[in-house]
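Asks: Sequence:
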Amino acid sequence: MTVVQTSTADRLTGLRQWQREAFDEYFRREPRDFLAVATPGAGKTTFALTLAAELLARHAVRSITIVCPTEHLKKQWAEAAARFGIAIDPDFKNAQGALGRQFTGAAVTYAQVAAHPMLHRNRTEARRTLVIFDEVHHAGDALSWGDAAREAFDPAARRLSLTGTPFRSDVNPIPFVDYVQDHDGVRRCSWDYSYGYAPALADGVVRPVIFMAYSGEMRWRTRAGDELAARLGEPLTTDALAQAWRAALDPKGDWIKKVLAAADRRLSEVRNASPDAGGLVIASDHETARAYARILRKITGQGATVVLSDDPTASKKISRFAESEDRWMVAVRMVSEGVDVPRLMVGVYATSTSTALFFAQAIGRFVRTRRRGEVASVFLPSVPTLLEYAGEMERERDHALDRPLKEGEEPEQDMVDEARKKRDTPDAGEELPFETMEASAEFDRALYDGTEFGGGAPGSPEEEDFLGLPGLLEPEQVAQLLRKRKTEQRAAERRAPAEPAEAPAHERTAELRKELNTLVGAWHHRTGSPHGMIHSQLRRACGGPPIAQASAEEIQRRIDKIRAWATGGK
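Residue 96 in the working numbering is what sits at position 96 of the sequence shown, and the numbering runs on without skipping anything.
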């Protein structure tokens, strides 16, 4: 049913505080360009359509163009606009030229605009138009996209830019966004209104997220026939980390099978409080997505909805899953931003994509709350980059220009180009240059509110504690439970009787490695230094080989050293 609101008071009824504040800020100045930054799940669509309805009622504009990253989002915007009495055509094609008279505007994609910018410029010039840029950072994905957006919408009467992730991994400028130079000479994105994850969490607008990180032993055979091994979660070279990470995600290994099983156990616990709660696995390519779906069928006895990037029925599949009570959906990585399913409460990050922007967009699929107390859980590999992103969930970030890319940082455009490919199988550059021989999983740690909590082997009491957390908890209740568990664990360790006999050398070494990695993680959160740098500093201070080759005594010296640092010693 279409709901037509007839007055400003009607339109403002039911808005969240941040939406009303942003609305008031806009109409205090009525600027031509306005950038609103709000965390995923905060309600950017409702804010934008409330503002659009008001501008139409005031006759400030007569037409609306909504520019989206994906085809699926076009339909979501059109359905949402209908509830405001605004008729948006989500099926507008460039070949049409003109919009049907029954529509107030059209929803188009950034790629569609780039294909024929002059057509959209002519449409914009023909009537006073409000252009809404959904996830405006995508307008900087390519020079052609940015140039096309400028050319097409420079004549617009008003432009409203929306984003939940105002930062990019590259330095491409975002059209119609102002940049302010800081004291270091770096130009940073300047927004008109911002509502971040931390205040949204405090307001109960989004869910808290618990990250469950899994490490494990990986072993593989190279094309040359050499057998190599590494432990995911320990300091590794860039190449070794990439290979160990991909071995973990290999559906033929045990790592992903055990992690999916743990995620499904967590989903069962969540469904005790929210019976329709669903899970999403984010995969890297079509072949792997289908393999993950087969694994989930063995685990659950139920089929999983598989959403592939080039499937013309993808939008319908997502909508059907959103309205059902099915347990799992598996999606190729590029579809994650178009997935708007509020019942998603458990996720598995099963892709090797490692940019901050993609990670934030992926986690945004799980934070959309329906009622207070819902808790999201995301399972991921113990990869330093991902753990750093997870620990920084509540930190504000912005988009900076004029800065060099960090070593190993992937330009955003490279990631976008890869994501747009059909991706039936891993691309040539992504094929595993080895055969996976072993990929075991071990619960490494949980992360919540920037704090790490220790883990244990699969099925250990520590893992079961985290998997069994109630599905309905306020953010502070989550923190209290985790802190209590940490205190009880330490007390139990102090009460434990001495071992009657010394543990085998390999077991003692493994325990010391885990203890050192936990201390390094804590020191990272205290100082901001990367994990690898801390390990290097410890090696310089204490001597000895890398941790993977270090003896128990050498690791113990490093443990003693970092504990001394923590207490002010040297």
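Hints are not guaranteed to be accurate.
Said to hold, decoys possible - No more than 27 Å apart at the CA atoms, straight line, and that leaves these computed lysine-lysine pairs for DSS-like:
{"no.": "1", "residue 1": "LYS75", "residue 2": "LYS93"}
{"no.": "2", "residue 1": "LYS75", "residue 2": "LYS257"}
{"no.": "3", "residue 1": "LYS316", "residue 2": "LYS258"}
{"no.": "4", "residue 1": "LYS514", "residue 2": "LYS484"}
{"no.": "5", "residue 1": "LYS258", "residue 2": "LYS75"}
As the list claims (entries may be wrong) - Okay, the calculated beta carbon distance ranges per label pair:
{"no.": "6", "residue 1": "ARG83", "residue 2": "PRO155", "range": "46 to 52 Å"}
{"no.": "7", "residue 1": "GLN480", "residue 2": "GLU507", "range": "31 to 37 Å"}
{"no.": "8", "residue 1": "PRO546", "residue 2": "MET437", "range": "42 to 48 Å"}
{"no.": "9", "residue 1": "ARG83", "residue 2": "ARG294", "range": "23 to 29 Å"}
{"no.": "10", "residue 1": "ALA82", "residue 2": "GLY528", "range": "28 to 34 Å"}
{"no.": "11", "residue 1": "ARG557", "residue 2": "LYS484", "range": "16 to 22 Å"}
{"no.": "12", "residue 1": "ASN122", "residue 2": "SER7", "range": "21 to 27 Å"}
{"no.": "13", "residue 1": "ALA522", "residue 2": "GLN96", "range": "55 to 61 Å"}
{"no.": "14", "residue 1": "GLN477", "residue 2": "ALA82", "range": "47 to 53 Å"}
{"no.": "15", "residue 1": "THR313", "residue 2": "GLU476", "range": "39 to 45 Å"}
{"no.": "16", "residue 1": "ALA479", "residue 2": "GLY528", "range": "39 to 45 Å"}
{"no.": "17", "residue 1": "ALA126", "residue 2": "SER529", "range": "53 to 59 Å"}
{"no.": "18", "residue 1": "MET437", "residue 2": "GLU392", "range": "54 to 60 Å"}
{"no.": "19", "residue 1": "GLN477", "residue 2": "ALA566", "range": "27 to 33 Å"}
Because the hints were derived from the structure by calculation, they are not lab data.
For each residue, glycine too, the CB sits at the ideal point set by N, CA and C.
Asks: Please go over all the hints and tell whether each is borne out by the structure.
Replies: Hint-by-hint comparison with the structure:
1. LYS75 with LYS93: 14 Å, holds
2. LYS75 with LYS257: 35 Å, violated
3. LYS316 with LYS258: 30 Å, violated
4. LYS514 with LYS484: 21 Å, holds
5. LYS258 with LYS75: 36 Å, violated
6. ARG83 with PRO155: 46 to 52 Å: 29 Å, violated
7. GLN480 with GLU507: 31 to 37 Å: The hinted range 31 to 37 Å holds for GLN480 and GLU507, with Cβ atoms some 33 Å apart.
8. PRO546 with MET437: 42 to 48 Å: 22 Å, violated
9. ARG83 with ARG294: 23 to 29 Å: 39 Å, violated
10. ALA82 with GLY528: 28 to 34 Å: The hinted range 28 to 34 Å is violated for ALA82 and GLY528, with Cβ atoms some 47 Å apart.
11. ARG557 with LYS484: 16 to 22 Å: Because 32 Å falls outside the window, the suggested range is violated.
12. ASN122 with SER7: 21 to 27 Å: 34 Å, violated
13. ALA522 with GLN96: 55 to 61 Å: Since ALA522 and GLN96 have Cβ atoms about 59 Å apart, the given range 55 to 61 Å holds.
14. GLN477 with ALA82: 47 to 53 Å: 38 Å, violated
15. THR313 with GLU476: 39 to 45 Å: 43 Å, holds
16. ALA479 with GLY528: 39 to 45 Å: 22 Å, violated
17. ALA126 with SER529: 53 to 59 Å: 56 Å, holds
18. MET437 with GLU392: 54 to 60 Å: Since MET437 and GLU392 have Cβ atoms about 34 Å apart, the given range 54 to 60 Å is violated.
19. GLN477 with ALA566: 27 to 33 Å: 28 Å, holds
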